[in-house]
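*Asks:* Protein chains in written order, with the numbering used here: chain F, 2 to 485; chain H, 2 to 485.
By construction, these hints were calculated from the structure, which means they are not laboratory data. It should be emphasised that the depicted structure is a prediction, and the values quoted were computed from it without experimental measurement. There are no misleading hints in this set.
Computed footprint of chain H on chain F, listed as stretches where at least three residues anywhere in the stretch have a Cβ under 8 Å from a Cβ of chain H: (1) 67-76; (2) 107-113; (3) 312-325.
Think of the CB as a built atom: it goes at the ideal place given N, C-alpha and C, for glycine as much as any other residue.
Okay, here's what each chain looks like letter by letter:
2 protein chains.
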Amino acid sequence: VMNGIRDKVLTLDTMNQSVKNIEYAVRGPILLRAMEAEGRHWGVKKPFTEIIRANIGDAQAMGQKPITFMRQVLALCQYPDLLSSPSFPEDAKKRAMRILQSCEGHSTGSYSASAGIQMIREDVARYIEHRDGGIASDPDNIFLSTGASSAIMAVLNLLVSGKGKTRTGVMIPIPQYPLYSATLAEFDAVQINYYLNEEHYWGLDVAELQRALEQAKAHCQPRVLCVINPGNPTGQVLSRENIEAVIRFAYEEHLFLMADEVYQDNVYAEGSQFHSFKKVLMEMGSPYAQQLELASFHSCSKGYMGECGFRGGYTEVVNMDPAVKQQMLKFQSVRLCPPVLGQILIDIVTNPPQPGEPSYQQFQQEKKAVLSGLAEKAQLTEKILNKQPGIHCNPVQGAMYSFPCIQLPPKALQRAEELGQPADMFFCIQLLEETGICVVPGSGFGQKDGTYHFRMTILPPLEKLKILLEKLSQFYAKFTQEYS
Amino acid sequence: VMNGIRDKVLTLDTMNQSVKNIEYAVRGPILLRAMEAEGRHWGVKKPFTEIIRANIGDAQAMGQKPITFMRQVLALCQYPDLLSSPSFPEDAKKRAMRILQSCEGHSTGSYSASAGIQMIREDVARYIEHRDGGIASDPDNIFLSTGASSAIMAVLNLLVSGKGKTRTGVMIPIPQYPLYSATLAEFDAVQINYYLNEEHYWGLDVAELQRALEQAKAHCQPRVLCVINPGNPTGQVLSRENIEAVIRFAYEEHLFLMADEVYQDNVYAEGSQFHSFKKVLMEMGSPYAQQLELASFHSCSKGYMGECGFRGGYTEVVNMDPAVKQQMLKFQSVRLCPPVLGQILIDIVTNPPQPGEPSYQQFQQEKKAVLSGLAEKAQLTEKILNKQPGIHCNPVQGAMYSFPCIQLPPKALQRAEELGQPADMFFCIQLLEETGICVVPGSGFGQKDGTYHFRMTILPPLEKLKILLEKLSQFYAKFTQEYS
Numbered sequence: 002v003m004n005g006i007r008d009k010v011l012t013l014d015t016m017n018q019s020v021k022n023i024e025y026a027v028r029g030p031i032l033l034r035a036m037e038a039e040g041r042h043w044g045v046k047k048p049f050t051e052i053i054r055a056n057i058g059d060a061q062a063m064g065q066k067p068i069t070f071m072r073q074v075l076a077l078c079q080y081p082d083l084l085s086s087p088s089f090p091e092d093a094k095k096r097a098m099r100i101l102q103s104c105e106g107h108s109t110g111s112y113s114a115s116a117g118i119q120m121i122r123e124d125v126a127r128y129i130e131h132r133d134g135g136i137a138s139d140p141d142n143i144f145l146s147t148g149a150s151s152a153i154m155a156v157l158n159l160l161v162s163g164k165g166k167t168r169t170g171v172m173i174p175i176p177q178y179p180l181y182s183a184t185l186a187e188f189d190a191v192q193i194n195y196y197l198n199e200e201h202y203w204g205l206d207v208a209e210l211q212r213a214l215e216q217a218k219a220h221c222q223p224r225v226l227c228v229i230n231p232g233n234p235t236g237q238v239l240s241r242e243n244i245e246a247v248i249r250f251a252y253e254e255h256l257f258l259m260a261d262e263v264y265q266d267n268v269y270a271e272g273s274q275f276h277s278f279k280k281v282l283m284e285m286g287s288p289y290a291q292q293l294e295l296a297s298f299h300s301c302s303k304g305y306m307g308e309c310g311f312r313g314g315y316t317e318v319v320n321m322d323p324a325v326k327q328q329m330l331k332f333q334s335v336r337l338c339p340p341v342l343g344q345i346l347i348d349i350v351t352n353p354p355q356p357g358e359p360s361y362q363q364f365q366q367e368k369k370a371v372l373s374g375l376a377e378k379a380q381l382t383e384k385i386l387n388k389q390p391g392i393h394c395n396p397v398q399g400a401m402y403s404f405p406c407i408q409l410p411p412k413a414l415q416r417a418e419e420l421g422q423p424a425d426m427f428f429c430i431q432l433l434e435e436t437g438i439c440v441v442p443g444s445g446f447g448q449k450d451g452t453y454h455f456r457m458t459i460l461p462p463l464e465k466l467k468i469l470l471e472k473l474s475q476f477y478a479k480f481t482q483e484y485s
Numbered sequence: 002v003m004n005g006i007r008d009k010v011l012t013l014d015t016m017n018q019s020v021k022n023i024e025y026a027v028r029g030p031i032l033l034r035a036m037e038a039e040g041r042h043w044g045v046k047k048p049f050t051e052i053i054r055a056n057i058g059d060a061q062a063m064g065q066k067p068i069t070f071m072r073q074v075l076a077l078c079q080y081p082d083l084l085s086s087p088s089f090p091e092d093a094k095k096r097a098m099r100i101l102q103s104c105e106g107h108s109t110g111s112y113s114a115s116a117g118i119q120m121i122r123e124d125v126a127r128y129i130e131h132r133d134g135g136i137a138s139d140p141d142n143i144f145l146s147t148g149a150s151s152a153i154m155a156v157l158n159l160l161v162s163g164k165g166k167t168r169t170g171v172m173i174p175i176p177q178y179p180l181y182s183a184t185l186a187e188f189d190a191v192q193i194n195y196y197l198n199e200e201h202y203w204g205l206d207v208a209e210l211q212r213a214l215e216q217a218k219a220h221c222q223p224r225v226l227c228v229i230n231p232g233n234p235t236g237q238v239l240s241r242e243n244i245e246a247v248i249r250f251a252y253e254e255h256l257f258l259m260a261d262e263v264y265q266d267n268v269y270a271e272g273s274q275f276h277s278f279k280k281v282l283m284e285m286g287s288p289y290a291q292q293l294e295l296a297s298f299h300s301c302s303k304g305y306m307g308e309c310g311f312r313g314g315y316t317e318v319v320n321m322d323p324a325v326k327q328q329m330l331k332f333q334s335v336r337l338c339p340p341v342l343g344q345i346l347i348d349i350v351t352n353p354p355q356p357g358e359p360s361y362q363q364f365q366q367e368k369k370a371v372l373s374g375l376a377e378k379a380q381l382t383e384k385i386l387n388k389q390p391g392i393h394c395n396p397v398q399g400a401m402y403s404f405p406c407i408q409l410p411p412k413a414l415q416r417a418e419e420l421g422q423p424a425d426m427f428f429c430i431q432l433l434e435e436t437g438i439c440v441v442p443g444s445g446f447g448q449k450d451g452t453y454h455f456r457m458t459i460l461p462p463l464e465k466l467k468i469l470l471e472k473l474s475q476f477y478a479k480f481t482q483e484y485s
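Model the full assembly from the supplied sequences, consistent with the hints where possible.
*Replies:* Below is the structure:
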């Protein structure tokens, strides 16, 4: 008690320390600084005209247009009076009616079942079967979710138990998408880092998995292996052989496998192809297909649609104990249901217009335009960045990001240390303040000690991206000279 | 290992035991049984023609129509081509344009800021100021959320800390909405029950708060007081004097106050009026207004709009430590952002059409029609149920539920015990199987030992509700006779 004002109930000291320990770089200090810059908090004149946010995989924020058919169906579902309007194509109307009929009270304003609308779970299962060349998928194994993030958190939540040396250990790639480290901090689970091989296009080496696992066994009970494919932030696409090796490893070490496959539509590099963990697992046959426990995650936020704001996603679980599936359903039922409009988007993603339907052509054209644009930008990013000595950028085989390695001169490291900032954070802040370009330091994703990176999306429109990459290269040259 | 099949990684035994301990009645066994009944799993011929779901506060599932203006704005935001359509009113278009301008990339498909779209936070703050007779509200204290549920869970998550006897204790009403008990189980916090006074219209007695608190101090550290007003499942509306007494109690006992005010628009009884905790707190002046920490929750799922499927909500925090507010923002940023369409609905709820605008009349008419319909059904429910000897139903002053007390004969209690079911669960299952009426047993919400209740929504259309109430009364009479 000071000056008659007593301490608050809830302070940094008294709060949940696990929540306090969470770090989340993608929307961390750099973004806050960028937002300040957009506001009036920067007193001095800024040396740039606009902030370019290349910090987050948010396609529509970067000007990508929504897929017309998706928005038509959504509008019809929202406001069914439009079903009699001549300005909507018949297949969009048919689709909207089918969806409304599967909603309680024929309205998107009702709660759905906790695992999602049954019809949509069935459409998702059919989509997976089609994607995986006919391998069966059971709608009862499909859980719709509030984006992929909430589903990943829910499955991790189920898996975290034990105390001290029996505490659940979760293997995650480094670099990783910081949802993983943040969630493990929140749940007080043990994070086990396995390092992707930057020299080998960010490949996933089983020897490294083994090393990380053996080391971790001394202080926790490793129970989960998380793989992000295509990689975020690293952009690599795993080969089929690699996936098989990972599955054998997970089986032999008795690990639950979590496959973050939200970028499954985002594969650009020649020779790269998306193989789902589910398909490879099933094709490997006994004992893997019958026994390895797998959860795979997808989302409507990425791909060609980029509908982040709707928070739609789904999980397919394979070989999950039916009693645990019931627990997962109960867990989801406390949260009532995922947003119904996100569910509808997942329905359209998994059940797009078919050949012969009025919207088929346009849908395919729009989809291809986005994906070929991304492929072009992926190549451009690698090409321009690699022209700059001191920057090395692996090919962006998939996903939406480059994660280039940058050499930083000793004086820059020293200055960063004086400021109490990771060196790549120091670089990124300088970059932002001088050029308006907003990227996320590699330290937010994890990296080998003594290496420095940043993550940058490839989402800005081509011309803008070109300017951004050139500005960034120039800034890097100037920065390294200044601190040499 | 049995027959070459080894144990799964994730089983009921190895899973997170706190998640396993969660119970959630509203979507529990009764609903599952009802869903079975709708499917083909009941082999025998059912003695009823349809399932009537009175188990969950889902207005549109019960046939309530959405508010036209809300859906018009949503459709326009989804598919901006409609902005040139003559069939939408000008104020809906203006509103949609204003919202789209506040979205990144002018699209609802982009992520918003983690705390929600800034313009909408400002609209919410203005709404609160208006609601509370001019008392200031700061947009920086407003956090948009995925329904009220996720916000309540987030604030509780911040508050839970300590071990053993210093573990956070959270006071909740009994009967309660089971989100609270489920969340406390998940977070492994200590649940402190205070009993509402059924004899006094489910009133909240400070003496009972004190009793519960003193008793709890022996085994935990009470830090939070949760109040639901208007009450769920109990339907009472707190008087201003009562709220003042609760605030004094929370202040004196150094508790963080959580006010679940999602039914603030649902007040029916003559003489009853909604008073927000924020307003009463501020009007009480020093030391309460400057020091008591409060979080108040609202939602677009209830009220007159009943837009559950969109998962929109907001929290206002008062006197929260600014450093903790930053933590709350970080916590929300890991989840990226609440669904943008739910945010838009919150915007319309808090910033409805104004007098003189083209949609004003219709909006007001639709709103009033829903609320007066609910008021009529609240009265009807009390009246019909109280005609039946053995059933006692308090007035439904507010919210959307009745929570009648039922006397159960000894033989029914005995039969339930043989079946291993709580006695009111036994009653509700029999009711469902014989009549198709789906209500939730009081044991799912908590009740005084030896008393039995069920929770029933007042949402079915008037004629259907009448039939439901009469059928239910008749079944009760038959049931008690059968087990006498």
